[in-house]
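If you want the building blocks of each chain, they are given just below.
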Amino acid sequence: MNGAINFTHGFSHGVEWGWPIAVYLLLAGISGGALIVALMVRYYKKQHEDTPLLKAASLVSFATIAFGMVFLVGDLEKPLYFWKILINYNFTSVMSIGVLAISIYIPLTLVMCLYMFEKEISIVLAKKNTLVSYFAMIMSILTRFRPLIEVLSVVFAVIICAYTGFLISVLVRFPILNTAILPALFVVSGLSAGTASASMVASWLFKEDTHSSDLKTLHTIEWPVMAIEIMLIAMLFVSLLVGNEFQKTTTVAFQSGVYANLFWFGVMGLGFGIPLVLNFALGKKIASSHIAFYLSGMASVVGVLCLRMFIIYAGQTFGI
Amino acid sequence: MENDGKRRAFLKVLGLGSVTLGGAGYTLMADATQEPSKAKPHYGMIFDQNKCVGCTDCEVACKKVNAVPAGQARLFVENKTDPATPMEKKYVRVSCQQCEDAPCVKVCPSKACHRDSKTGIVTMNPDDCIACKYCIVACPYDVRFINHKTKAAENCNFCLNTNLAKGKEPGCVEACKYKALVFGDLNDENSYINQILHVKDSVRMKPTYGTKPSLRYIPVVKVGV
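Taken in sequence, the protein lines are chains D and S. Residue numbers for the first sequence follow my numbering, beginning at 1 and rising by one. Residue numbers for the second sequence follow my numbering, beginning at 1 and rising by one.
Since the hints were derived computationally from the structure, they do not count as laboratory data. Backbone N, C-alpha and C define an ideal beta-carbon position, used for all residues, glycine too. Treat the hints loosely; a few may be bogus.
List time: in silico EDC-like cross-link candidates among lysine to aspartate or glutamate, alpha-carbon distance up to 16 Å [unchecked claim]:
no. : chain 1 : residue 1 : chain 2 : residue 2
1   : S       : 206       : D       : 245
2   : S       : 151       : D       : 75
3   : S       : 149       : D       : 77
4   : D       : 119       : D       : 77
5   : S       : 151       : D       : 77
6   : S       : 222       : S       : 88
7   : D       : 78        : S       : 201
8   : S       : 51        : S       : 201
9   : D       : 84        : S       : 128
10  : D       : 78        : S       : 88
11  : D       : 84        : S       : 127
12  : S       : 177       : S       : 57
13  : S       : 179       : S       : 57
14  : D       : 46        : D       : 120
15  : S       : 151       : D       : 16
16  : S       : 222       : S       : 201
Now the stretches of chain D that chain S is said to cover, found in silico as 3 or more residues with beta-carbon under 8 Å [said to hold, decoys possible]:
no. : stretch
17  : 94-105
18  : 118-129
19  : 143-152
A few chain S residues facing chain D, derived, Cβ under 10 Å [stated by the list, open to error]:
no. : residue
20  : 78
21  : 130
22  : 186
The shape of chain D in the complex, shown without the other chains (with noise of 0.2 Å):
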């Protein structure tokens, strides 16, 4: 009977989060894979002192958060009422829990950049006397902190990486989003378009060597996850093939069209083809240039995006 009687007219007439949205969850997918990674090796090495890697995640972690609001209030029909959110703010939307994890997110980036930069910032501010010893007080009593802001941080990057998987998982009209290896994928390509972040401002603001032993235990640890991405993009794809009528329907998604062609050329091309044949297939000689490295992690920043473009666009046009 319930087949009986069906409507397949919608009232929303297409993708109603479009590329602005992608955009974001690429920023806050970098910003908490930056900080992750980097701050993972300091644990990994037992590091003390400030290294260019840490300095390079902390400023690329702040940026991109900071930029990614621009794009994601910018997104709103009513951008100037965003702030409705924190006074009526709801328990049970994603979106609510998000905009909580961000809010502390944000300022343990910026308190991240401030330990970093201390010194910069002394320098700029002083020529004045009075702001100088206020930033410095505010230093004194923020350093003692400073190992408990870093572990809030890893644990808060993760958060906002996995949060944006879960907004658009709980869309349960749309079966390429609503699936539980969303998040997890989220985490994993964050990290993947993190550590490429994080090591090219490292080396191109930072001057540390492209061959240094923190770009070297990120460049071992690239592979595996890029791994992982394949793995998790695999699974997502053969959960929808063997699912039932709806997500079968959508796997054409993968297969032709526009946004075949964004998944073939684009996510799997440029983000995983394009660094793999720089790094292996050309020759130690060309893996080891700066041209190699630049070109193979801008590839998978980029490739990060055409995935999100992929799963935005392509999630929301297969609906039920």
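Start from chain D and add chain S according to the hints.
Frame of chain D; chain S shown alone:
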């Protein structure tokens, strides 16, 4: 003859007993009938496909009553006539399903999309809506939209602020010449909507989502001879 007295006594007891028990039963019944009126209403609607002719008078009335901007709609009548049998016309109402377990209310970050405290109807507070479109993508039925004029999300709320506030039936129900739409309180056992639901088979749209829509559909079912 001794039995006669006993029988009389027995009849007396029976009579008195039935009166008192009946009375008690009646007061209990009265309590039971008063209960639903005290309970919160649960408004529902029936769309009867057997009666709908696709005249779209309901659509027109809805736009007029709720001042829906041109080119947008809270309510749409979709033609679902099977091309193989063009003479057997089939229409279906597309509108907010008024779910008991509404995903839009759950995901709204600013509580703009909420359940009205008096009537339990899922409705909007346009001032609190930041138009993040989360409710639109979360709705399994795709029946929500951003009103171009108010820039706030909107859905069919059974004319909560318009006709219902004036004590009238929703605009679409008033406008329907063929009585294909019935509106009423599902918590009131005596309401006309319940009387129909008792005697007719009705279905909910996409029941697998578990959102428990308050909109019921009576489909055309041709058994064939």
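Tested hints:
Annotation: proposed proximity of residue 206(S) to residue 245(D) holds, straight-line Cα distance about 14 Å (limit 16 Å). For the given pair, residue 151(S) sits about 13 Å from residue 75(D) by alpha-carbon distance, which is consistent with the 16 Å threshold. Distance check on the hinted pair: residue 149(S) and residue 77(D) sit about 11 Å apart at the alpha-carbon level, within 16 Å; holds. Between residue 119(D) and residue 77(D), the direct Cα distance comes to roughly 41 Å. Violation of the 16 Å bound is thereby established for this hinted pair.
For the given pair, residue 151(S) sits about 6 Å from residue 77(D) by alpha-carbon distance, which is consistent with the 16 Å threshold. For the given pair, residue 222(S) sits about 10 Å from residue 88(S) by alpha-carbon distance, which is consistent with the 16 Å threshold. For the suggested pair residue 78(D) and residue 201(S), the alpha carbons sit about 44 Å apart, so the restraint of at most 16 Å is broken. At roughly 14 Å between alpha-carbon atoms, residue 51(S) and residue 201(S) fall within 16 Å of each other, so this suggested pair holds.
The hinted pair formed by residue 84(D) and residue 128(S) meets the criterion: a straight-line CA distance of about 6 Å does not exceed 16 Å. A C-alpha spacing of about 45 Å is found between residue 78(D) and residue 88(S), which places the hinted pair above 16 Å, so the restraint is violated. A distance of roughly 9 Å separates the Cα atoms of residue 84(D) and residue 127(S); the hinted pair therefore holds under the 16 Å criterion. Using a Cα cut-off of 16 Å, the hinted pair residue 177(S) and residue 57(S) holds, with the two alpha carbons roughly 8 Å apart.
With a C-alpha separation of about 12 Å, the suggested pair residue 179(S) and residue 57(S) falls inside the 16 Å cut-off, and the hint holds. Distance hint between residue 46(D) and residue 120(D) is unfulfilled; the C-alpha atoms sit about 25 Å from each other, more than 16 Å. The suggested pairing of residue 151(S) with residue 16(D) holds, with an alpha-carbon distance near 14 Å, which does not exceed 16 Å. A hinted pair counts as satisfied when its Cα atoms are at most 16 Å apart, and residue 222(S) with residue 201(S) qualifies at roughly 13 Å.
Check on the stretch 94-105 of chain D: 4 of its residues sit with their Cβ under 8 Å from a Cβ of chain S, so the three-residue criterion for coverage holds. For the stretch 118-129 of chain D, the stated coverage by chain S is not satisfied: 0 residues place a CB nearer than 8 Å to a CB of that chain, which falls below the threshold of 3. Requiring three or more residues with a Cβ within less than 8 Å of a Cβ of chain S, the coverage given for the stretch 143-152 of chain D is violated, as only 0 such residues are present. With 10 Å as the threshold, the beta carbon of residue 78(S) comes within range of chain D, its nearest partner Cβ sitting at about 4 Å, so the hint holds.
Checking residue 130(S) against chain D by beta carbon gives a least distance of about 5 Å; that is within 10 Å, so the hint holds. With its C-beta approaching chain D no nearer than about 19 Å, residue 186(S) sits outside the 10 Å limit, and its interface hint is violated.
Hints 4, 7, 10, 14, 18, 19 and 22 from the list above are not met by this structure, while the remaining hints are.
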